[in-house]
Amino acid sequence: MHTRRSRNQVIPAIIFLLPGFALFFVFFLGPLLYSLRISFYHWNFAHVDRSVFVGFQNYIDQLKDPIFLRAVINTAVYTVITVFVKMVLGFAVAILLNQKLRGRTFLRVAYYLPVITSWVIVSLLFTYMFSGQGGLVNYFLTNVLHATNKNIMWLADPVLALVPVVLVDIWKGVGWTVIIFLAGLQTIPTELIEAAAVDGANNWQRLIKIVLPMMRGTLVFLLVVLILGGLNAYVPFQLITHGDPMDQTHSILTLMYRATFERMDFGSGAAISYLLTLFVFLLSFLQLKLLRKPAGD
Amino acid sequence: MKRSQLQKNILSYVLLLLGLFIVAIPLWYMVSTAFKPQTMIFELPPQIWPNPSTLNNFIKALTTDNFGLYFWNSTKVAVTATLLTVAVSSMLAFAFARLNFRFKEQLFYLLLLGMMVPPVMLIIPQFVISHWLKLYNNLWGLILVYVTMNISMQTFLLRGVFEDIPKDLEEAAMIDGGSPWTFFTRIVLPLSGPGLAVVVINSFLYSWEEYAWANVNIGDSASRTLPIAIAFFQSAHLTQWGQVFAASLIALVPVVIIFIVFQRYFIQGISTTGIKG
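Taken in sequence, the protein lines are chains A and B.
Mapping to my numbering: the first sequence position 58 is 58, numbers consecutive.
Mapping to my numbering: the second sequence position 273 is 273, numbers consecutive.
A portion of the hints provided could be inaccurate.
Residues on chain A that point at chain B, a partial pick, calculated with CB under 8 Å [as the list claims (entries may be wrong)]: (1) GLY20; (2) ILE38; (3) HIS42; (4) VAL120; (5) GLY132; (6) GLY134.
Straight line, CA to CA, 25 Å or less: simulated DMTMM-like cross-link-like pairs of lysine to aspartate or glutamate [to be verified]: (7) LYS8(B) / ASP49(A); (8) LYS134(B) / ASP49(A); (9) LYS8(B) / ASP199(A); (10) LYS134(B) / ASP265(A); (11) LYS8(B) / ASP265(A); (12) LYS150(A) / ASP220(B).
What the hints contain is simulated information worked out from the structure, not anything from laboratory work.
Just so we're clear, the structure is a prediction, and the values are computed from it rather than from any experiment.
Note that beta-carbon positions come from the ideal geometry of N, C-alpha and C, so glycine has one too.
Full structure from sequences and hints, please.
Here it is, written out as structure tokens:
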């Protein structure tokens, strides 16, 4: 019965899988492997036959390049700060919104608005707010807070230029973590929390002993997705800093773009993207191992 | 007891409204700037609402620089990519959830690779392949890549939804002489509304606002989509923020409509698809 049935389903399976896998091979898997090949060449885009095989030279060149290392540091700092802040703020807002409050649907939608606003638009918006002359942020710092008495040239400084990039990511991303945390919180049975309250547990104890352990799945999911997103940051760097000043504010992927499409060095661009992928794979593997381990208790 | 509950509620509201204020400031600044005349773009202190205010930015954005054409390009790309993503990924998900065949799990894991690799990483080889297939400067080059970049995640979500459909319904459909195709179109799809709504939202938003690939694959100004057109306009007219944000607000209209229409399903969808506590 079972074998006859599985034999019968080979043809439907092929029909259902074909469109998706055709696309997947032509536009994903094929390019992925092709890019590995490009990364071993001094690639000549106009005359592919004149490309020269150079082995690992593109990779070595990148690892020795201070601009690449700077991009790695920028990306790492950006990822650590944005992921941490988005997790903490997102969790806090989700806990607050998980109560029976009037108008919480409105609040939920309002917190989600930045998420649906496109990256291009919010990146330009933060560029404008952080303008050196006449920007809203400088006005707030000098005239309202009196924290400084002269305008800060955010985008002209290799470190300060990262401030709007980090802030735009947090501002745009918190709403998403809120929604995911809320979905996780709603799977916790309220009886469990009420029972703990009857047993005399205070709010904080209930949070640490019941809510957090029960949210393990949500936490792992968010951590993996947010870190992956952070490492792949592209649009806010590209549109807010353009890597300026002096190529000190690239993310790994804006550097890849610059190597490939501004300097037409496809080999180096492909090598950069493979270094990032390698790192992402290693990290995902480590994360899953570390975070899954204590699940047995 | 009651009193402390009241205090807790007040504290919650204060914190939530403070957060709302921070979320709202940039959005308000964008909207009010879109109504500012050019002479007031860098005028401080900021006014709650610009006085005098003007609709000129919207009129200029709509009438110059082919904005209507870019809007139409974006619409074509996003609608086609969304329909194709829904069709292709629900077919894939159906095969993985409901059919028996060899190497099923291996193929599924291969497909999930698509969730691990960032789309931007692939723009170099996709650029090369797009030239081979004559898809450079062609909106189909955008559509096919967007569908591909979406199917892994959306198939993953839908597989979970389709697996929850009771076995009895499948047997009932099969006894009546139905094929997998009738089971798929008559029972599985109609019962998966919220899951499919999430796929529609995800793929529409992705295709409507994608920047990196469109920026590389579209060289010809007549084929630009909104995100690259807006970024291009800003870099060409560095201080014309009023027009930039007027155009941005118009570009946001379809997104807000989709969000409002599907909002109910969206929250529901997250709790029914894949992510379970």
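Query raised in the report: For which of the previously enumerated hints does the structure constitute a violation, in increasing order of number?
Result: 3, 5, 7, 11, 12
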